[in-house]
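Here is what each chain is made of, one letter per residue.
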Amino acid sequence: MARSYRDGVRAVLPLSVAVLGFGVAFGVLATSIGMGNLAPIVMSATTFAGSAQFAAASVLADGGAVAAAIAAGVLLNARYGPIGVTVAPWLQGGAWSRFWHAQLTVDESWALAAEPDGRYEPRVLLAAGLGLYIAWVGGTTIGVLIGDVLPSPDTLGLDAAFPALFLALLATQLRGRRTAWVAAALGAAIALALTPVAPPGVPIIAAGAATLIGLRKEAS
Amino acid sequence: MSSAWIVVVGVGLATIAIKAAGPVLLGGRPLPRRLTGVVSLAGPALLAALVAIDTFGADRSLRLDERVIGVGVAAVAIVLRAPVLVVVVAAAASTAIARAFA
Chain A
1 MARSYRDGVR
11 AVLPLSVAVL
21 GFGVAFGVLA
31 TSIGMGNLAP
41 IVMSATTFAG
51 SAQFAAASVL
61 ADGGAVAAAI
71 AAGVLLNARY
81 GPIGVTVAPW
91 LQGGAWSRFW
101 HAQLTVDESW
111 ALAAEPDGRY
121 EPRVLLAAGL
131 GLYIAWVGGT
141 TIGVLIGDVL
151 PSPDTLGLDA
161 AFPALFLALL
171 ATQLRGRRTA
181 WVAAALGAAI
191 ALALTPVAPP
201 GVPIIAAGAA
211 TLIGLRKEAS
Chain B
1001 MSSAWIVVVG
1011 VGLATIAIKA
1021 AGPVLLGGRP
1031 LPRRLTGVVS
1041 LAGPALLAAL
1051 VAIDTFGADR
1061 SLRLDERVIG
1071 VGVAAVAIVL
1081 RAPVLVVVVA
1091 AAASTAIARA
1101 FA
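Protein chains in written order, with our numbering: chain A, 1 to 220; chain B, 1001 to 1102.
Keep in mind the hints are simulated off the structure, nothing from the lab. Note that this is a predicted model, so its numbers are computed, not measured. Positions of the beta carbon are idealized from the N, C-alpha and C atoms, including for glycine. Mixed in with the good hints, there may be bad ones.
[Claimed, not checked] Pair ranges (Cβ atoms, derived): (1) D117(A) to P1032(B): 33 to 43 Å; (2) S1003(B) to T179(A): 43 to 53 Å; (3) L13(A) to L1080(B): 16 to 26 Å; (4) V149(A) to R1029(B): 39 to 49 Å; (5) T172(A) to S1002(B): 15 to 25 Å; (6) A1102(B) to A61(A): 33 to 43 Å; (7) G63(A) to P1083(B): 43 to 53 Å; (8) A1017(B) to L212(A): 23 to 33 Å; (9) T1036(B) to D148(A): 25 to 35 Å; (10) T179(A) to I1006(B): 37 to 47 Å; (11) T155(A) to R1034(B): 16 to 26 Å.
[Unchecked claim] Covered stretches of chain B, as calculated for chain A (at least 3 residues, CB under 8 Å): (12) 1044 to 1057; (13) 1084 to 1097.
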């Protein structure tokens, strides 16, 4: 049975707490490095991608060039190119509907929307994405306007919530699929091998190369 | 325009375009058959990469810290077929506790 918007909301609620915590942290960091009050909130509302925003802000904080800050952010979001391709076939609406689904596609909503058989459920994508969006932009606003109201996300262990979620969703995609196991092992190995030597964002994109074993399978 | 705003606009426009590209240009049509095998492996490959980087990555280096405990606890919960909510909360709680005692 296809999952509904409600399923998406239910799945994303616990995660929204973690995202809210990081949103607050981003708002606090961004104002502390002189980004002002409005720019961090506008960034969360338009870029809507935590790692890229932290990366761009920290380049600015270290006195880096504007171009370097932009490059860091864009590189970290480059994975949304291939991720967008994976959800595209399942978005049946018009161009605008697909555009908005695409904007709400972030790692967590994408992972939650994945079905074990390789399809993606657009309702879960939209509902979960919207929940994450509200938490992220709301958290940023709280961080900018009120400041440190919460303990740091790391103190609460929230940084471990994301790999735990991805691992749980990965497990559902591995059951009974041998090629999927191989792709996952390869992807993790590539990402770890490149992390010390490549700029942030590149290891994840490179891990995508692990999917090419799917080509060989088709040919044989 | 301050440098902060240039970064906000630059990263924002690029991200919106990157996210939109696949769904807007390819949306609603089945992928060519030769690509379906590749695309169906994107989930496992990218999720595993995210797990690896979120567990061990620290800027441009690998680091072993309390996150490993959380992800290990999560793995046990997953094997025991715990719901995702339990997995996520157990990971955060065990990492937080480990840090409190570190």
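The hints, checked one at a time:
1. D117(A) to P1032(B): 33 to 43 Å: For P1032(B) against D117(A), whose Cβ atoms are near 19 Å apart, the range 33 to 43 Å is violated.
2. S1003(B) to T179(A): 43 to 53 Å: Since the Cβ atoms of S1003(B) and T179(A) sit about 46 Å apart, the hinted range of 43 to 53 Å holds.
3. L13(A) to L1080(B): 16 to 26 Å: 22 Å Cβ-Cβ, so the 16 to 26 Å window holds.
4. V149(A) to R1029(B): 39 to 49 Å: holds, 46 Å
5. T172(A) to S1002(B): 15 to 25 Å: violated, 45 Å
6. A1102(B) to A61(A): 33 to 43 Å: This hint is violated: roughly 26 Å between Cβ atoms.
7. G63(A) to P1083(B): 43 to 53 Å: holds, 46 Å
8. A1017(B) to L212(A): 23 to 33 Å: Cβ of A1017(B) to Cβ of L212(A): about 25 Å, so the range 23 to 33 Å holds.
9. T1036(B) to D148(A): 25 to 35 Å: Given about 48 Å between the Cβ atoms, the range is violated.
10. T179(A) to I1006(B): 37 to 47 Å: Between T179(A) and I1006(B), where Cβ atoms are some 44 Å apart, the hint holds.
11. T155(A) to R1034(B): 16 to 26 Å: violated, 49 Å
12. 1044 to 1057: Held - the region 1044 to 1057 of chain B has 14 residues with a Cβ nearer than 8 Å to chain A, which meets the minimum of three.
13. 1084 to 1097: holds (count 13)
Checked against the numbered hints above, the structure breaks hints 1, 5, 6, 9, 11 and satisfies the rest.
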